[in-house]
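**Student:** Sequence:
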Amino acid sequence: MPQRINQIMILCLVAFVYLTGRMGYYQLIQGPELAQRAAVMRSREIELREYPRGNILDRNHLPLTNVRISSAAYLWTDTFADQSRNHASQSIQQLAEIIGMSSYELKRQLAGAKQKGDSFILLRDNLTAKEISAWQEADLPGLVVAPLLHRYRLDGFCVHLLGYVDKSLEGRGMVGIEKHYDSLLAAGDSGQEMLSIVDGRGQVIAGLHKVKKKEKLSGSVVLTIDRRIQEIVENTVNCYIDKGAVVVMDIESRDIVAMASRPAFNPYEIKQALSSPGQPLLNRALTPYHPGSLFKIVVSIAALEEHICTPGDKYHCEGEYTLGEKLSVACMKKEGHGNLTMEEAFACSCNPCFIQIALDLGQHRLMKWVDTLHLTDPTITGLPGYSKNSYVCFEGGAAALANVCLGQQGVMLTPVQIASLFSTVADDGQWVAPRIVASTIDQQGVSKQAEFEPKQRVMQAETAAILQRLLRKVVAEGTGQAAAIQETAVAGKTATAQTGRYKGEKEILNTWFAGYLPADKPRWVIVVLVEEGESGAQNSAPVFRDIARQMVKYSM
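Note that the working numbering has the sequence shown beginning at 304, numbered continuously upward.
Treat the hints with care, as some may be off.
Computed list of lysine-lysine pairs in DSS-like fashion (alpha-carbon distance at most 27 Å, straight line) [what the hints assert, rightly or not]: (1) Lys574 <-> Lys470; (2) Lys546 <-> Lys482; (3) Lys617 <-> Lys637; (4) Lys776 <-> Lys617; (5) Lys546 <-> Lys574; (6) Lys482 <-> Lys470; (7) Lys546 <-> Lys617.
Ranges between beta-carbon positions, derived for each pair [to be verified]: (8) Lys751 <-> Lys482: 18 to 28 Å; (9) Lys751 <-> Ser436: 46 to 56 Å; (10) Ser471 <-> Ala441: 25 to 35 Å; (11) Asp674 <-> Asp745: 33 to 43 Å; (12) Tyr571 <-> Ala701: 48 to 58 Å; (13) Ala753 <-> Ala779: 34 to 44 Å; (14) Lys482 <-> Lys417: 56 to 66 Å; (15) Asn642 <-> Glu534: 42 to 52 Å; (16) Gln397 <-> His364: 19 to 29 Å; (17) Glu808 <-> Ser750: 52 to 62 Å; (18) Gly415 <-> Ile435: 20 to 30 Å; (19) Glu534 <-> Ala768: 29 to 39 Å.
The set of hints was computed from the structure by calculation and includes no laboratory data. Fair warning: this is a prediction, and the values are worked out from it, not measured in the lab. Glycine is no exception: its CB is placed at the ideal position from the N, C-alpha and C atoms.
Construct the complete structure from the given sequences, taking the supplied hints into account.
**Tutor:** So, in structure tokens, the structure goes:
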């Protein structure tokens, strides 16, 4: 008998040791893994970003995307799965009424989400405080209110450059940076998600959820844009320009630090933008226009370099220049300027004088300098394939040459190309292609810097110095006086370009002001284009002035 008791006790001891060992194994060895499985079984995740893509950053690594947060309502797709058909229909009807949606639309969204394998649907975003309170008090099954990170602002901020994502095409980038760097931005799943706790039936327990950061990183694109300067430009453009563009370029690096186009568009309402008047999807900063009198800079450079004239050479203006029996080109001063030097003709933008200079120069020498100055070069480092349609092209003959030298028929340039030309002049005759992308960051966080190309000297420093003096005189004494600011001296040029299009009996004009500041130590070029204006002095120069004044304060 005692022997049997001893055997039983030994068996119990062995069993106890075994069970204790197994418990220790599950607690100490497999504990973390089992806890994670339990958490997965008792929780559900909601993506809290509108688009699971990497960020687009400014030059200081400040975000240009994923910057707007609103409160949103989410619904788990299997909320009504364990209810009878009638009960589920009644619950959906009740929910639809409370959230202001038809029951048909709610059922359609639930069915579509289940078909795609989605565990939740986004019902509404941009909820008001009153709506949030009402929905939370209703204690609706499967409904969760949480923050939603929107990819884009709604005020058109940098929208033409950033582009947009078409969610119906699996979140593909459609234009701009979103399209060109789609594979980098779409990789990975960085961002944040919401963890909700569920009961034994898989239903969300109200109030038991938290937001957590994801570990994985998507790629990012770092632009040359400076967000603070972009804000200055956008706010100023909103006050002045209905249709047009502004480009700000850093002269030393040729970085585009701001780019704005109007009209802007809502990146969430692309169908509406496609049918809207004014072509809001068009990035006018990258669109070719007749540059008008801005092209007189090219004529001046070519004439000075080819020793056709000097700044002190005398010319005569009678108010028009006659080209044959049937063609004459008027000066902005109807009675004419009389005798004036080349330098004075530049300051007052005298058409007859510059036609004479262009005729003395000739077509071949002018075209040689168009190529030397890289005037129509479409290169923008980081954004290839844009600005392809710019040109300087014309048949021989005095009339065609006159049109070209005044920046009319035969010449089409983009605001970015104008900014590049002015940067070359301000940088003492050195050219390098503009940049819009500073670097890219891959999923492992490794940064790849955009290559800096060496600058090329495309004109003599002495020629550039003469142009710098002429551009200062335009603002001090000539047509650009409306661009002057008290804070520092600026240099620039006005232009008014004919389009050949009319509203009633009045021809539509596009107006320009392009210039740089400070004039003595050039740092930034600002180019302003205003469509359907009156003159560069009246419409574009004041925009330059207001942006320049704010940028001086920004740099202090």
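**Student:** Run every hint past the structure and note whether it holds.
**Tutor:** Here is how each hint holds up against the structure:
1. Lys574 <-> Lys470: Measuring from Cα to Cα gives roughly 13 Å; hence the hint holds.
2. Lys546 <-> Lys482: The hint holds at about 24 Å.
3. Lys617 <-> Lys637: This hinted pair holds, its Cα atoms lying about 20 Å apart.
4. Lys776 <-> Lys617: holds, 17 Å
5. Lys546 <-> Lys574: Holds. Lys546 to Lys574 sits at ~20 Å (cutoff 27 Å).
6. Lys482 <-> Lys470: Measuring from Cα to Cα gives roughly 13 Å; hence the hint holds.
7. Lys546 <-> Lys617: Answer violated: Lys546 to Lys617 is near 39 Å, above 27 Å.
8. Lys751 <-> Lys482: 18 to 28 Å: Distance hint for Lys751, Lys482 holds at roughly 19 Å.
9. Lys751 <-> Ser436: 46 to 56 Å: The hinted range 46 to 56 Å holds for Lys751 and Ser436, with Cβ atoms some 48 Å apart.
10. Ser471 <-> Ala441: 25 to 35 Å: Distance hint for Ser471, Ala441 holds at roughly 31 Å.
11. Asp674 <-> Asp745: 33 to 43 Å: holds, 38 Å
12. Tyr571 <-> Ala701: 48 to 58 Å: holds, 53 Å
13. Ala753 <-> Ala779: 34 to 44 Å: Given range 34 to 44 Å: holds, Cβ gap about 37 Å.
14. Lys482 <-> Lys417: 56 to 66 Å: With a Cβ separation near 31 Å, Lys482 and Lys417 fall outside 56 to 66 Å, so the hint is violated.
15. Asn642 <-> Glu534: 42 to 52 Å: holds, 48 Å
16. Gln397 <-> His364: 19 to 29 Å: Because 47 Å falls outside the window, the suggested range is violated.
17. Glu808 <-> Ser750: 52 to 62 Å: Roughly 58 Å apart at Cβ, these two residues keep to the hinted range, so it holds.
18. Gly415 <-> Ile435: 20 to 30 Å: holds, 26 Å
19. Glu534 <-> Ala768: 29 to 39 Å: Holds, since Glu534 and Ala768 (Cβ atoms, about 34 Å apart) stay within the stated range.
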